[in-house]
Structures are given as C-alpha cells and as structure tokens.
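Visitor: One letter stands for each residue in the lines below.
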Amino acid sequence: EPEVTQTPSHQVTQMGQEVILRCVPISNHLYFYWYRQILGQKVEFLVSFYNNEISEKSEIFDDQFSVERPDGSNFTLKIRSTKLEDSAMYFCASSELRGEKLFFGSGTQLSVL
Amino acid sequence: KNEVEQSPQNLTAQEGEFITINCSYSVGISALHWLQQHPGGGIVSLFMLSSGKKKHGRLIATINIQEKHSSLHITASHPRDSAVYICAATYNTDKLIFGTGTRLQVFP
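So the sequence lines, in the order shown, correspond to chains A and B. Following the working numbering, the numbering of the first sequence begins with 2 at its first residue and continues without gaps. Following the working numbering, the numbering of the second sequence begins with 22 at its first residue and continues without gaps.
Any given hint might turn out to be false.
[Claimed, not checked] The calculated EDC-like cross-link candidates involving lysine to aspartate or glutamate, where the alpha carbons are at most 20 angstroms apart (straight line), are:
id	chain 1	residue 1	chain 2	residue 2
1	B	LYS74	A	GLU101
2	A	LYS79	A	ASP63
3	B	LYS22	A	GLU60
4	B	LYS74	B	GLU88
5	A	LYS102	A	GLU45
6	A	LYS43	A	GLU4
7	A	LYS102	A	GLU2
8	A	LYS84	A	ASP64
9	A	LYS58	A	GLU86
10	A	LYS43	A	GLU60
11	A	LYS58	A	GLU101
12	A	LYS102	A	ASP87
13	B	LYS75	A	GLU101
14	B	LYS22	A	GLU45
15	B	LYS76	A	GLU69
16	A	LYS43	A	GLU2
17	A	LYS58	A	ASP87
18	A	LYS79	A	GLU54
19	A	LYS58	B	GLU24
20	B	LYS22	A	GLU57
21	B	LYS76	B	ASP102
22	A	LYS43	B	GLU24
23	A	LYS84	A	ASP63
24	A	LYS79	A	GLU57
25	A	LYS58	A	GLU69
26	A	LYS43	B	GLU26
27	A	LYS79	A	GLU69
[Stated by the list, open to error] FRET-style restraints, in silico, Cβ to Cβ:
id	chain 1	residue 1	chain 2	residue 2	range
28	B	SER47	A	GLN15	34 to 44 angstroms
29	B	GLY62	A	LEU98	43 to 53 angstroms
30	A	LYS43	B	GLY49	14 to 24 angstroms
31	A	GLY17	B	HIS94	44 to 54 angstroms
32	B	THR96	A	PRO3	37 to 47 angstroms
33	A	SER56	B	VAL65	19 to 29 angstroms
34	A	ASP63	B	VAL65	24 to 34 angstroms
35	B	SER92	A	GLU101	18 to 28 angstroms
36	A	SER112	B	SER51	42 to 52 angstroms
37	B	GLY37	A	LEU31	34 to 44 angstroms
38	A	ASP63	B	THR114	18 to 28 angstroms
39	A	MET16	B	THR41	19 to 29 angstroms
40	A	ILE21	B	THR41	20 to 30 angstroms
Source of the hints: derived by calculation from the structure; they are not laboratory data. Glycine residues also receive a C-beta, built at the ideal position from the N, C-alpha and C atoms.
All chains, please: the whole structure from these sequences, using the hints.
Guide: Structure follows, in structure tokens:
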C-alpha cells in the first residue's frame, strides 16, 4: 500500500536553530497537511496546502513556520528559529481529494534543547 | 467552539471482550473520523463517516447525527488491538479537530 514518508524520524536541535522537516506524500494526492502532537496532548492542526498554496493555517502556524512543495514530490515544514515549546511529534498527512480519508506519515519527533 | 470529546480516557479489557469507545461533538460537522495511534506514535485512519455505520473486519463505527454522537466498537478484542483510538471531526473545512484519545489495553 502506498504510504506517506517522513524524514528524519528524530531531530534534535538547539533553541534558535532552523529545522526543516521533510515529507513525501502519496504520489497522486493533492492535499497536504502538517499536524503536531506535544507529548501527552491532543494532535493539533498546523496547516493545509493545496495547489501550491496554504489553504488554511492555525494560530500555532505563525511567522516562524513555513511550508513548501519545492518539487513534485517533497512537502516540507520549516521552523525558522525553534523554541523549547516547539518540541513535539510532527505528522505529515495527505489525501487524494478534499475531505477524504487522510494518510499519515510515521512522524518526526522534534526535540528542542 | 468546535470540539470533540471522547470517553473513556483509558480502557482495559480481557481478550475476546466487546469494546465500545464513545465520541461526542458539537453541531455542524462535515465528517467524523476514527483513527488509531500505535505505541510508536504512527497514526492510521480507520473510518470516515458522516452518517450510519461502517464495518471493517472486527471494527464497527456508528454515528448518530441527531445526538451528535459516534461510537467505535471492537468485537472479539485481541491484545494487538491495544493502541490509542482517536475521534476527530471536520467542520466545513478539511482540518481535523482531534479528541484526546482513548488508551485501550487488551490483556490475554
């Protein structure tokens, strides 16, 4: 079965550093998402992306965050200057059509020290 | 405010038991999702429904629109069903609003 791939699986960084989390969505999918889960908390929506632009973003997704689909396959989340509170598991997801079943990647565990 | 509430938070069962996890949501959802989160953290979508009932193997999901309530049932539970089960909803957008999850442990 096709799957969403995320790299790296773990990322440790120093506060203030930039990180890029990478995702390869399923090839025929058109809608892409980032979610995050702080340890012990609910999964939270960050951003949705369609047709090379952000379609919706949450309050969490401030100016420190950006997303990009630099080529036909990768979908990246960049955090410009990481804070301690950015430590979380970040999930990429994709769907073929809007409102359809989501396929999630296995996540990137980001630890900001 | 669009919210999703789940119960119970934790559930233990003996192998073979019938399990029910409940979810309630605020009015106006587009769709209700049930997902499974494995101990390693990965999330798998189990069901997406906006009415009625869906079944896949030993899993059954139902939704009652009038009561704003959905249930996930597991028949003949097995230790490999141990995971966190999460209810999530969409409200006229495609972002999922997640519940807190129900941690299920099935003992042999």
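Visitor: Against this structure, judge whether each hint is valid.
Guide: Going down the list of hints, with the structure as the test:
1. LYS74(B) - GLU101(A): The given pair, whose Cα atoms are some 17 angstroms apart, holds under the 20 angstroms limit.
2. LYS79(A) - ASP63(A): holds, 11 angstroms
3. LYS22(B) - GLU60(A): holds, 15 angstroms
4. LYS74(B) - GLU88(B): holds, 15 angstroms
5. LYS102(A) - GLU45(A): holds, 17 angstroms
6. LYS43(A) - GLU4(A): violated, 23 angstroms
7. LYS102(A) - GLU2(A): With a Cα-Cα distance of about 14 angstroms, the restraint between LYS102(A) and GLU2(A) holds, given a limit of 20 angstroms.
8. LYS84(A) - ASP64(A): holds, 13 angstroms
9. LYS58(A) - GLU86(A): holds, 18 angstroms
10. LYS43(A) - GLU60(A): At roughly 15 angstroms apart (the allowed maximum being 20 angstroms), GLU60(A) and LYS43(A) satisfy the hint.
11. LYS58(A) - GLU101(A): Holds, because 18 angstroms separates the two Cα atoms, which is no more than 20 angstroms.
12. LYS102(A) - ASP87(A): violated, 27 angstroms
13. LYS75(B) - GLU101(A): holds, 15 angstroms
14. LYS22(B) - GLU45(A): holds, 15 angstroms
15. LYS76(B) - GLU69(A): Given pair LYS76(B), GLU69(A) is violated - Cα atoms ~37 angstroms apart, limit 20 angstroms.
16. LYS43(A) - GLU2(A): violated, 27 angstroms
17. LYS58(A) - ASP87(A): Roughly 16 angstroms separates the two Cα atoms, so the pair holds.
18. LYS79(A) - GLU54(A): Holds, at about 15 angstroms.
19. LYS58(A) - GLU24(B): holds, 17 angstroms
20. LYS22(B) - GLU57(A): holds, 17 angstroms
21. LYS76(B) - ASP102(B): holds, 16 angstroms
22. LYS43(A) - GLU24(B): The given pair, whose Cα atoms are some 12 angstroms apart, holds under the 20 angstroms limit.
23. LYS84(A) - ASP63(A): Distance of about 12 angstroms is within 20 angstroms: holds.
24. LYS79(A) - GLU57(A): OK: LYS79(A) and GLU57(A) at ~16 angstroms, within 20 angstroms.
25. LYS58(A) - GLU69(A): holds, 14 angstroms
26. LYS43(A) - GLU26(B): Holds, at about 11 angstroms.
27. LYS79(A) - GLU69(A): holds, 8 angstroms
28. SER47(B) - GLN15(A): 34 to 44 angstroms: holds, 41 angstroms
29. GLY62(B) - LEU98(A): 43 to 53 angstroms: violated, 26 angstroms
30. LYS43(A) - GLY49(B): 14 to 24 angstroms: Between LYS43(A) and GLY49(B), where Cβ atoms are some 20 angstroms apart, the hint holds.
31. GLY17(A) - HIS94(B): 44 to 54 angstroms: holds, 48 angstroms
32. THR96(B) - PRO3(A): 37 to 47 angstroms: This hint is violated: roughly 29 angstroms between Cβ atoms.
33. SER56(A) - VAL65(B): 19 to 29 angstroms: holds, 24 angstroms
34. ASP63(A) - VAL65(B): 24 to 34 angstroms: holds, 30 angstroms
35. SER92(B) - GLU101(A): 18 to 28 angstroms: Hint holds: Cβ distance 22 angstroms, inside 18 to 28 angstroms.
36. SER112(A) - SER51(B): 42 to 52 angstroms: Violated: the Cβ-Cβ distance is about 35 angstroms, outside 42 to 52 angstroms.
37. GLY37(B) - LEU31(A): 34 to 44 angstroms: holds, 42 angstroms
38. ASP63(A) - THR114(B): 18 to 28 angstroms: Holds: the Cβ-Cβ distance is about 19 angstroms, inside 18 to 28 angstroms.
39. MET16(A) - THR41(B): 19 to 29 angstroms: Taking Cβ atoms as reference, MET16(A) and THR41(B) lie about 44 angstroms apart, which means the hint is violated.
40. ILE21(A) - THR41(B): 20 to 30 angstroms: violated, 42 angstroms
Consistency with the previously given hints fails for numbers 6, 12, 15, 16, 29, 32, 36, 39 and 40, ordered from lowest to highest.
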